[in-house]
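Number of protein chains: 4
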Amino acid sequence: MLSFENDYVAGAHPQVLQRLVESNLELLSGYGSDYYCDSAREKIKAACACPDGDVYFLVGGTQTNAVIISAMLHDYEGVIAADTGHISIHEAGAIEYTGHKVLTLSHEQGKIVPKHLEKYLQDFYQDDNREHMVYPAMVYISQPTEYGTLYTKEELTQIARICRQYELQLFLDGARLGYGLMSRQTDVTLADIAKLCDVFYIGGTKVGALCGEAVIFTRNNTPKHFLTIIKQRGALLAKGRLLGVQFDALFTDGLYFELSRHAIEMAEQLKALLKEKGYTFYLESPTNQQFIILENDKLSMLSKQVTFSFWEKLDDTHTVVRLVTSWSTTKEDILQLKHIL
Amino acid sequence: MLSFENDYVAGAHPQVLQRLVESNLELLSGYGSDYYCDSAREKIKAACACPDGDVYFLVGGTQTNAVIISAMLHDYEGVIAADTGHISIHEAGAIEYTGHKVLTLSHEQGKIVPKHLEKYLQDFYQDDNREHMVYPAMVYISQPTEYGTLYTKEELTQIARICRQYELQLFLDGARLGYGLMSRQTDVTLADIAKLCDVFYIGGTKVGALCGEAVIFTRNNTPKHFLTIIKQRGALLAKGRLLGVQFDALFTDGLYFELSRHAIEMAEQLKALLKEKGYTFYLESPTNQQFIILENDKLSMLSKQVTFSFWEKLDDTHTVVRLVTSWSTTKEDILQLKHIL
Amino acid sequence: MLSFENDYVAGAHPQVLQRLVESNLELLSGYGSDYYCDSAREKIKAACACPDGDVYFLVGGTQTNAVIISAMLHDYEGVIAADTGHISIHEAGAIEYTGHKVLTLSHEQGKIVPKHLEKYLQDFYQDDNREHMVYPAMVYISQPTEYGTLYTKEELTQIARICRQYELQLFLDGARLGYGLMSRQTDVTLADIAKLCDVFYIGGTKVGALCGEAVIFTRNNTPKHFLTIIKQRGALLAKGRLLGVQFDALFTDGLYFELSRHAIEMAEQLKALLKEKGYTFYLESPTNQQFIILENDKLSMLSKQVTFSFWEKLDDTHTVVRLVTSWSTTKEDILQLKHIL
Amino acid sequence: MLSFENDYVAGAHPQVLQRLVESNLELLSGYGSDYYCDSAREKIKAACACPDGDVYFLVGGTQTNAVIISAMLHDYEGVIAADTGHISIHEAGAIEYTGHKVLTLSHEQGKIVPKHLEKYLQDFYQDDNREHMVYPAMVYISQPTEYGTLYTKEELTQIARICRQYELQLFLDGARLGYGLMSRQTDVTLADIAKLCDVFYIGGTKVGALCGEAVIFTRNNTPKHFLTIIKQRGALLAKGRLLGVQFDALFTDGLYFELSRHAIEMAEQLKALLKEKGYTFYLESPTNQQFIILENDKLSMLSKQVTFSFWEKLDDTHTVVRLVTSWSTTKEDILQLKHIL
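Those sequence lines, one after another, are chains A, B, C and D. 5 is the number of the first residue of the first sequence in the working numbering; add one for each residue after it. 5 is the number of the first residue of the second sequence in the working numbering; add one for each residue after it. 5 is the number of the first residue of the third sequence in the working numbering; add one for each residue after it. 5 is the number of the first residue of the fourth sequence in the working numbering; add one for each residue after it.
Bear in mind the hints are in silico, worked out from the structure with no lab data behind them. Using N, Cα and C, we set each Cβ at its ideal position, and we do this for glycine too. There could be a bad hint or two in this list.
Only some residues are given here: those of chain C computed to face chain B with a beta carbon under 10 Å [as the list claims (entries may be wrong)]:
(1) N10
(2) A53
(3) G65
(4) T66
(5) T232
Derived pair list, reagent style DSBU-like, types lysine-lysine, alpha-carbon separation capped at 30 Å [claimed, not checked]:
(6) K317/D - K123/C
(7) K228/B - K119/D
(8) K275/B - K157/B
(9) K119/B - K228/D
(10) K228/C - K119/A
(11) K119/A - K317/B
Given these sequences and hints, build the entire structure.
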């Protein structure tokens with residue numbers, strides 16, 4: 005069946021897999037201390053224009069969110085997120101499991117609004133009861149968001165400024181970062197993100213790797229004994245090479261960006277096709293996730309020939325669904341979809 | 005200074021203290037195994053018309069909420085509460101510290117709306133992604149609420165029905181329960197609560213005791229090894245007698261209800277006085293907490309002669325404040341306030 | 005029945021209770037901000053010769069241990085304790101519940117041996133795998149220990165030196181501190197403890213109070229937002245006065261020391277009596293807990309007339325039991341025991 | 005440099021990698037719901053003669069230990085392990101991080117002694133204070149142990165019997181299980197383990213996979229909502245295929261056992277070589293980990309040509325080191341070592 009269900013349906017990009025095959029029988033030290041990891045770290049820091057950054061590799065997104073947030077917060081602190089944020093809803097309470105509250109702000113198209121953030125913090129610091137409340141100490145944003153939308157450079161700059169003012173850390177979830185960076189409608193670069201955020205990660209799982217997320221602490225702010233923390237959370241891979249080799253391949257000759265650009269190209273063709281066919285968009289997304297509104301009858305019919313994600317019930321007769329492209333989507337997939345829609 | 009600040013400004017009701025004095029030199033076994041605790045348990049079960057109930061004494065409200073919720077939920081489960089619920093905001097993340105998410109619903113005058121609860125649960129069980137979400141397993145309500153309002157018997161019955169249908173436990177925070185039971189505008193009795201809830205507590209701290217909350221598990225549903233759980237949370241008092249003696253006194257000859265009725269009588273006089281003086285109420289509260297809207301100038305002036313709680317900024321020139329009566333409020337206090345307002 | 009079971013069988017010392025009665029109807033602010041708390045803090049700091057100390061009041065021992073240890077350790081750190089330490093065995097896993105490992109050393113008569121501690125730390129820092137291990141960051145000792153024994157000033161000094169060298173914090177559990185300070189065989193003063201430890205507490209529950217432990221951070225090292233941490237753990241008493249008034253009474257005119265001295269006097273009489281009657285001591289304890297070895301027949305017989313604690317089975321025919329004196333033990337109790345033994 | 009350092013120095017066995025390459029571009033559903041995972045599950049259940057078993061794939065050993073233990077214990081329960089157990093020492097407190105205490109027993113050659121276990125449980129249930137203690141609810145053993153030793157079938161049977169009697173769960177960590185099953189000195193089969201244990205896992209990381217551990221719940225005892233629990237712990241791989249494909253390959257045509265047998269063959273050659281050269285063994289290990297005692301001078305010399313693990317300082321002039329073989333060790337490695345020793 006034709007699949008637009010998500011961006012992790014295929015294995016690894018062939019060039020990434022090829023590097024795993026080539027390096028397979030080399031004997032390497034464990035836990036991320038091998039030279040593929042080192043090489044990948046250097047290439048990532050160069051790509052981020054962040055020579056003083058500190059790079060760690062973790063396995064998946066929820067794990068990365070939980071490890072970073074719990075490692076950077078004190079017990080009495082919480083993390084601010086949009087109410088649609090992945091950590092707010094779809095991580096089975098992974099953040100709370102580490103003892104920390106997710107403090108939610110109403111989203112606008114999946115994004116935190118700088119003004120709302122500022123008001124929240126002003127109110128908190130004016131509240132006489134704040135000693136009985138969770139101290140906000142970090143802002144979590146995702147780029148692209150769970151709705152495929154993007155923060156502009158201006159929005160990121162404002163959020164970063166507010167974070168500095170109130171001494172919060174800014175953490176950017178980049179599980180789909182490539183698809184944001186290669187969007188035709190973004191003015192945000194990897195260097196901008198490294199400059200504005202305290203910590204962020206570059207997603208591998210959804211952009212060409214079998215697994216893996218590259219975490220960058222941007223300002224000599226790696227939590228003390230972070231390797232031990234990773235181990236304690238069950239997140240330390242014995243064969244760290246699995247992550248190092250893949251990220252080394254992804255950041256050689258711009259492969260990561262090339263893959264991402266391809267997915268965006270496919271998404272643009274998908275959008276054009278959907279528009280042409282008269283579908284209604286739920287919102288305007290400039291990245292690889294597209295949300296449309298379907299009549300339930302139409303939904304049933306399409307479901308027989310193409311897979312996509314149920315997003316939410318809009319009303320009794322309409323449903324929001326999500327179609328996703330990725331590095332593995334082909335022109336043939338789009339063509340085939342054209343005949344189905 | 006005249007105080008309407010909260011319901012824990014004074015020590016214990018003299019009759020309660022008297023019992024502590026009289027029993028002081030008796031040598032008693034520890035950890036809640038003494039006969040004052042046993043006697044208090046029997047009297048409370050009788051008052052609740054809940055002969056099969058199981059009663060435990062804990063020290064304070066936040067502790068009680070955290071111990072009960074964490075003891076009754078599995079790791080992957082969360083508790084539903086109004087977004088104004090005490091556990092949602094003013095307990096410094098105590099529930100999350102035990103690893104559980106507080107799932108919030110928008111409140112109406114501090115209350116959960118049965119229809120909203122039902123929709124939340126319907127949506128959850130229709131969501132294909134629910135395995136990646138926190139399972140709702142308990143509903144937390146407070147009676148009276150943080151806004152002084154009360155659930156009607158009909159509302160409680162509906163909430164209880166929804167809980168049964170979706171296999172959630174119903175937990176009622178009764179930190180101020182006496183003031184709810186003695187309200188002139190309630191149709192809810194202690195027996196109703198024991199019948200409708202899986203677990204609830206009768207607050208002592210705010211109703212005449214130095215400290216202490218009496219937890220009632222209503223249907224042979226006490227968590228296994230609950231005493232050990234209490235110990236593990238640092239909530240087991242060596243001299244359990246301190247709680248047993250106080251609750252035994254409070255539930256002898258209806259003292260608990262008498263104290264509560266007095267506070268309600270004082271609250272009614274306070275309301276009448278505030279109305280007479282033309283103050284604007286923020287909402288209609290039938291219990292011992294009254295919320296009024298003050299111009300900021302007026303607020304400054306009053307603050308010099310009487311203490312009350314800042315609640316929230318309404319706009320640039322108005323503020324919501326809370327005035328509270330308790331068992332220790334006197335007619336003279338009201339009279340004195342009359343001269344100040 | 006005659007009781008030598010533990011040091012929390014009676015209520016509060018009459019002078020302590022008297023102060024609760026006298027202050028009962030004063031209207032006071034909550035959460036430890038009242039002037040009784042302030043007064044008690046000043047008196048305690050004076051008694052400790054620790055003018056820059058910071059004093060907090062908590063309710064019970066397990067709670068205090070869990071709050072302090074979890075507040076002062078990073079996630080990846082653990083606390084070293086004797087394998088007989090209260091936190092190692094008899095707190096139902098309260099420390100682990102906060103996420104931290106208790107790293108145990110073999111005890112000698114309930115005490116950590118400085119040399120063993122030093123070796124443990126040397127080994128840890130020489131271990132290539134230490135990044136996969138829990139970092140030792142605190143030493144927990146109790147004075148008196150769970151066996152009634154006492155660290156000498158020399159031992160405490162050595163342990164403190166080792167802690168400084170390896171950057172560990174030294175935490176002293178003083179649940180029975182008075183009985184240690186007033187022992188006839190100690191050279192350790194309250195000022196010594198304040199000077200050598202980073203944090204310690206003065207037990208109230210077992211020395212004349214209804215409840216309460218006074219925590220002293222000795223070197224401007226109170227954890228940031230400690231009040232919020234206390235609240236988050238469910239350990240913040242609304243009517244903080246209950247603790248403030250009691251400690252204010254205990255530290256007025258040396259009452260705390262006087263009560264403790266009395267218990268020691270009773271313990272010395274108990275020891276003399278036991279020796280006179282030919283009982284075998286399990287170990288030599290200079291404080292209020294005395295451990296003797298009983299033949300099982302004798303144990304059965306005595307149990308009918310006097311209560312004491314089972315400690316451990318020594319062999320098939322002998323048992324170790326504990327007899328405890330306290331501020332509430334009377335000369336008559338000793339006399340009565342004489343006729344029974 | 006010649007490596008006998010550990011059993012995770014190489015990538016995946018070529019046949020395993022080959023299957024990853026072949027299946028790479030197939031579009032598969034996520035989170036372990038693909039047919040490679042299903043196929044692997046069936047093959048594993050067949051290999052275990054455990055048709056009613058329930059199989060899950062996790063990424064690494066520490067993660068697996070923490071997820072299983074925390075999922076199967078109630079809050080107030082702990083897990084018993086040898087004091088040399090991996091969870092006791094080398095997992096950075098991962099179990100404690102989930103809130104549970106590791107209750108240690110003294111080991112004999114890395115193993116729990118059935119008699120010691122029985123005594124521990126007898127003592128616990130005779131202890132009047134057990135309500136203030138952590139309830140033992142699971143026994144953790146590793147096969148092979150951290151010292152390369154093996155439980156006999158008789159020992160496993162006894163431990164299982166004791167577990168049944170005291171209602172404990174028996175959990176076997178099989179991170180190196182293949183090397184135990186293929187030992188020339190074992191009488192334990194995979195079917196025995198499935199029959200005796202409540203839950204165990206078959207290690208992939210150390211036996212031919214890039215990563216992955218296969219967990220088997222043996223008696224319809226999978227924790228409720230276990231997938232959600234895995235997600236909550238950050239342990240759910242989006243591309244579950246990575247694990248499914250590898251285990252499917254490992255359990256096709258007995259590859260897992262063949263690889264393991266090869267490592268054992270290499271270990272036997274290594275042992276013979278070491279004996280021949282007159283080295284002193286620290287203990288007798290029938291599996292792929294060999295422990296020898298080296299004079300420190302010899303240690304320095306060897307370290308220049310071959311890598312192995314420091315284990316512990318024996319005395320001032322001698323050190324225990326570990327040499328490990330694996331599926332990737334070759335006869336040439338042994339030959340080359342011969343010239344060095």
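Now for the hints, and whether the structure bears them out:
Because the beta carbon of N10/C sits about 7 Å from the nearest beta carbon in chain B, less than 10 Å, this interface hint is met. Look at A53/C: its Cβ only gets to about 29 Å from chain B, farther than 10 Å, so that hint breaks. This hint holds: G65/C has a C-beta 7 Å from the nearest C-beta of chain B, less than the 10 Å allowed. Annotation: interface hint on T66/C holds; nearest CB of chain B at approximately 5 Å, less than 10 Å.
Because the beta carbon of T232/C sits about 5 Å from the nearest beta carbon in chain B, less than 10 Å, this interface hint is met. Distance hint between K317/D and K123/C is fulfilled; the C-alpha atoms sit about 12 Å from each other, no more than 30 Å. A hinted pair counts as satisfied when its Cα atoms are at most 30 Å apart, and K228/B with K119/D qualifies at roughly 28 Å. Taking the CA atoms of K275/B and K157/B, the gap is near 24 Å; set against the 30 Å cutoff, the hint holds.
At roughly 28 Å between alpha-carbon atoms, K119/B and K228/D fall within 30 Å of each other, so this suggested pair holds. In summary, the hint linking K228/C to K119/A is supported, as the alpha carbons are separated by about 28 Å, within the 30 Å threshold. Of the supplied pair hints, the one linking K119/A and K317/B holds, its CA atoms being roughly 18 Å apart against a limit of 30 Å.
When each numbered hint is compared with the structure, a violation occurs for hint 2 only.
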